[in-house]
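Number of protein chains: 6
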Amino acid sequence: GEIFDKESYQDNSVAGVVTGLAWTSFGGEILHIETSLSRGKGKLTLSGQLGDVMKESAMTALSYLKSKADKLGIDYRIFDTYDLHIHVPAGAVPKDGPSAGITMLTAMASIFTQRKVKAKIAMTGEITLRGKVMPVGGIKEKILAARRAGLKEIILCQKNARDIEEIDEEYLKGIQFHFVDKVEEVLNIALLKTKVEDPMHFVFPAESTKKEG
Amino acid sequence: GEIFDKESYQDNSVAGVVTGLAWTSFGGEILHIETSLSRGKGKLTLSGQLGDVMKESAMTALSYLKSKADKLGIDYRIFDTYDLHIHVPAGAVPKDGPSAGITMLTAMASIFTQRKVKAKIAMTGEITLRGKVMPVGGIKEKILAARRAGLKEIILCQKNARDIEEIDEEYLKGIQFHFVDKVEEVLNIALLKTKVEDPMHFVFPAESTKKEG
Amino acid sequence: GEIFDKESYQDNSVAGVVTGLAWTSFGGEILHIETSLSRGKGKLTLSGQLGDVMKESAMTALSYLKSKADKLGIDYRIFDTYDLHIHVPAGAVPKDGPSAGITMLTAMASIFTQRKVKAKIAMTGEITLRGKVMPVGGIKEKILAARRAGLKEIILCQKNARDIEEIDEEYLKGIQFHFVDKVEEVLNIALLKTKVEDPMHFVFPAESTKKEG
Amino acid sequence: GEIFDKESYQDNSVAGVVTGLAWTSFGGEILHIETSLSRGKGKLTLSGQLGDVMKESAMTALSYLKSKADKLGIDYRIFDTYDLHIHVPAGAVPKDGPSAGITMLTAMASIFTQRKVKAKIAMTGEITLRGKVMPVGGIKEKILAARRAGLKEIILCQKNARDIEEIDEEYLKGIQFHFVDKVEEVLNIALLKTKVEDPMHFVFPAESTKKEG
Amino acid sequence: GEIFDKESYQDNSVAGVVTGLAWTSFGGEILHIETSLSRGKGKLTLSGQLGDVMKESAMTALSYLKSKADKLGIDYRIFDTYDLHIHVPAGAVPKDGPSAGITMLTAMASIFTQRKVKAKIAMTGEITLRGKVMPVGGIKEKILAARRAGLKEIILCQKNARDIEEIDEEYLKGIQFHFVDKVEEVLNIALLKTKVEDPMHFVFPAESTKKEG
Amino acid sequence: GEIFDKESYQDNSVAGVVTGLAWTSFGGEILHIETSLSRGKGKLTLSGQLGDVMKESAMTALSYLKSKADKLGIDYRIFDTYDLHIHVPAGAVPKDGPSAGITMLTAMASIFTQRKVKAKIAMTGEITLRGKVMPVGGIKEKILAARRAGLKEIILCQKNARDIEEIDEEYLKGIQFHFVDKVEEVLNIALLKTKVEDPMHFVFPAESTKKEG
Ligand SMILES: [Ca+2]
Ligand SMILES: [Ca+2]
Ligand SMILES: [Ca+2]
Ligand SMILES: [Ca+2]
Ligand SMILES: [Ca+2]
Ligand SMILES: [Ca+2]
Ligand SMILES: [Ca+2]
Ligand SMILES: [Ca+2]
Ligand SMILES: [Ca+2]
Ligand SMILES: [Ca+2]
Ligand SMILES: [Ca+2]
Ligand SMILES: [Ca+2]
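Chains as they are written, first to last, in my numbering: chain A, 1234 to 1446; chain B, 1234 to 1446; chain C, 1234 to 1446; chain D, 1234 to 1446; chain E, 1234 to 1446; chain F, 1234 to 1446.
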């Protein structure tokens, strides 16, 4: 059969791109959550033919990050003065479900902090508004897809650990698993302390700084 | 059979998370209403695949809290200068109906006041705009679900008391029931006087304070 | 059969709650129009699964009150600086039709003026934008429902008088009927001159008072 | 059969109410276009279950009046600082079609100028944006309805004159017909020079007057 | 058969009205694009039951005119401080397709410049955003309709010239054809240099003139 | 058969028009992406009966350009103070899919920078938000269409190179292929360094320049 296209996972030299794992009736697949920021008024744009549940995941991830901005070292003014776009290629393929929650959240956290995403890591898990990580389906197929793409670490919900136990060990070789309960753990594992090489320099309108009383 | 996952109810160390009771054709279930506030312009975001009736419940709860802000010790400026997000996991499961009314209202009251929610308490009941609590269905199934989750107190509408009388006593052991007519009673029972450990510190734009005449 | 729940009609100690009469294929029913005001920007929120016609009734009632604000002693600035929410329990039951027109208008007039609503009164009738009261159907069933709920006075359109004549007198005992042509008459009958005990104190932004030229 | 309810046409003591003629599969009917103005921001509200075509008629009538404001003696600031509501009873009956065009336009012109509408006059005709009057259908049925309601004058498009010629003369007795090509003619016939007894006193924000350069 | 109603084409004494040619399964027809401007905030209103494609044509025509405002002698501030309404009678007849593109563009150019439209001219052709004129269908039927209406000149896309060659010459007598590739040619032919007799006098808010840097 | 209409491809004397390649069940076709800018508030208008996926492509291209504005020499204020319209003729033909991504991005880059587009070049390829170029289908048919239109250079995704290898060499004669992985490569190939002859002169409101702190 055809060798999987090695270069298809993104390098981590830019902020805001994170690898997720999806599951269709044809098997597992990797997908890339891409984010970008541009000066604006806090608008959120979602593209890639995302369904309702996936759009709500993105909104939930954004609310989580806003409510934790101080702890995460994000200047709150970014949310008001930049527009955030989240795109999931391929653009014509409909996508839905909550399992990209932690992936979208990590991609947003990376673009807002300009911190590097760890190389060769993928993740799958639902998030809640208060930062819990919830289990998702299709674990076996997702892991096979991650292996084919040459990924080395995978973040899963603690409650998905039982799904791993049922997989033949030879398929797990060479992959390190992280089982987590909370979004903070995901960010600690997946976001490096270092910023990307050419980080964005955020600019804020003068009046905005005076407004806080 | 499988032991119910004990840790599935939320701890009460954070404000704005309250346990409700839902009822599906598969039996009763507990659900968690999660809320979060972030600086903004008073926008309300609802997620978790909520239906029309449940969305209207949330809007009604918010209007109630706004009209009672002074009595409840809520600084009115929060409503204009913060965005409120309400999420109900699991994100992919459609949910509807008015029975989460008192749960959503209590969660909002907790996030706005930063008061702790009582531990191991759950509730189910419709609200009206003027603060009445109305009876809901599926009481028996909901109580069984609450027991399985280790909950110790349940708030119900006074008119649901008759539903309790028809349940075999052994299923009621170890649970304290509160029968209420008004939303004020719910808040008095479910919200502790103490604030959460690390409460949000609300910040308001300078000009907003001058505006009142 | 079961005795009708006496406490189900609202007491009149708060402003903005008025009893209407609805008619379904199961017979007549009383319903409560609840209103609340909270500081805002003049937004109108409607909840209770209201249909298009009923929503238009609410908008028409509001326009009527705005155009008659001076005569009714309503400070016009309320319309710009408060949000109005109208809710009709039960929240999950779809409701439609124009017959709650005078009920919604009276509830709004009460909340805007903080005048008490007469006790034990109910009403049913369509309104027009210029304040005419129009006849509605289901009069017999509605009256029976009002009696069961212990109501003592009913406001109807003058043109519904003929419907009363066809009802057996024993069902009319103990109820006083008011037949009206105009909305002013409804308000004169249903709104007391006294304010509710703990009336809202409306607050307006300073700049708004200067703006009028 | 039943005598038509004589009082059903509106008196002309208030501005902004004009009688139109509609045509359904059950025959002709009179309808009343009601308008009201309240201080606001230039919003247009339409109610009475109006269809797309009828809504576009209203928008077209409003644009016509705005573009002719000076000639008609309408203070342009009304359009920016008042909200216009147009309602067509009965509120639950769906209505559509372009034939109420001249009626809606006349009602709006009356409310904006506070000029009295001629008594016992009705009209039916489509309008265009540049003020042409276009012929409509159902003329015979509409005239019979107008007679039953005791109306004395009817405005029609010049091109509908041929429809009148085909009606038996006895049905035309006592009705004066006005055949017109242009909206100006409609307004000249239907709007009296005198204002209504208790005209609205329009109030404008101070800054608005300074803004014109 | 019936003689075609001669007065049905608009005279050219007002700006902003242009005659187009439409094609239905019943044959060709003339239609009138009417435009009007009123002080506002740059809103575009479309009426006459226009379909998606025809609405996009209008938007494309407007964008073209905005991007060529200087060349066409249009004061750009009109686009921000006036509302444009485009109406196509008859109001109840659904219309769609791109062939009214040049007609709508010419009508808009006339109202913005207040230049007279040439008398007895009609046109049909799609436009692109960059001002190309594209061929359309139904040419023969459209020309017959134009003749019946007494029109003397017709503007068509150069690529529609071949359609003319296939029409029997007797039907072309008395009509002058203009074949064009670009919108500029259309405007040069159809818009006279002279303004209409009683042109609009555009008024701009004072602050707007200062804003340009 | 009919010789393909040579003049149908756009000349490159204006900025913002780029030739793409589409693929339908009838074979390949060339299409033109047209863009225009006019003073406004940053609104994006899309026309030409574009489907959801193609609209998302346009939004993704715009976000990419905003996030790379500095590198591309685009004054960021254009995005806030000009409106962008993208139109794809023919206006009545529904179009969808992601393959016009690089074409739309190049057209926007040209209009924002006023740089000339290379003559006789076409392109087809999906874009991602971070500037990757992704392969698309219908390559053979698209190339035949490009040849018929007299185009000399074609930009494709590197991963579409294999599709070229399977095409008979005689169909490739006279066409230069560019295989790319990234959007930067597309812009380097397709956008000339020189500006168009009569470039737009962008004008910004005075206050906007002071706002940056
Ligand atoms: Ca859905
Ligand atoms: Ca995933
Ligand atoms: Ca629904
Ligand atoms: Ca509940
Ligand atoms: Ca409806
Ligand atoms: Ca009622
Ligand atoms: Ca329609
Ligand atoms: Ca009419
Ligand atoms: Ca369509
Ligand atoms: Ca045309
Ligand atoms: Ca779609
Ligand atoms: Ca393409």
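Warning: the hint list may mix true and false statements.
Okay, derived cross-link-like pairs now, DSS-like style, lysine-lysine, Cα gap no bigger than 27 Å in a straight line [unchecked claim]:
(1) C/K1276 with B/K1304
(2) E/K1349 with A/K1274
(3) C/K1373 with B/K1274
(4) F/K1353 with F/K1274
(5) C/K1288 with C/K1373
(6) F/K1304 with F/K1349
What the hints contain is simulated information worked out from the structure, not anything from laboratory work.
All values reported here derive from a predicted model rather than from experimental measurement.
Is the straight-line distance between the alpha-carbon of F/K1353 and that of F/K1274 27 Å or less? violated (34 Å)
Given the hint that F/K1304 pairs with F/K1349, does the C-alpha gap stay at or below 27 Å? With Cα atoms ~18 Å apart, F/K1304 and F/K1349 stay inside 27 Å; holds.
C/K1276 paired with B/K1304 [C-alpha distance capped at 27 Å]: holds (23 Å)
Within 27 Å, alpha carbon to alpha carbon, are C/K1288 and C/K1373? holds (25 Å)
Pair hint C/K1373 and B/K1274, alpha-carbon separation not exceeding 27 Å: violated (49 Å)
Would you check the hint for E/K1349 and A/K1274, treating anything up to 27 Å between C-alpha atoms as holding? Outside the cut-off at roughly 43 Å; violated.
Violated hints, listed in ascending order, are 2, 3, 4; each of the other numbered hints is respected by the structure.
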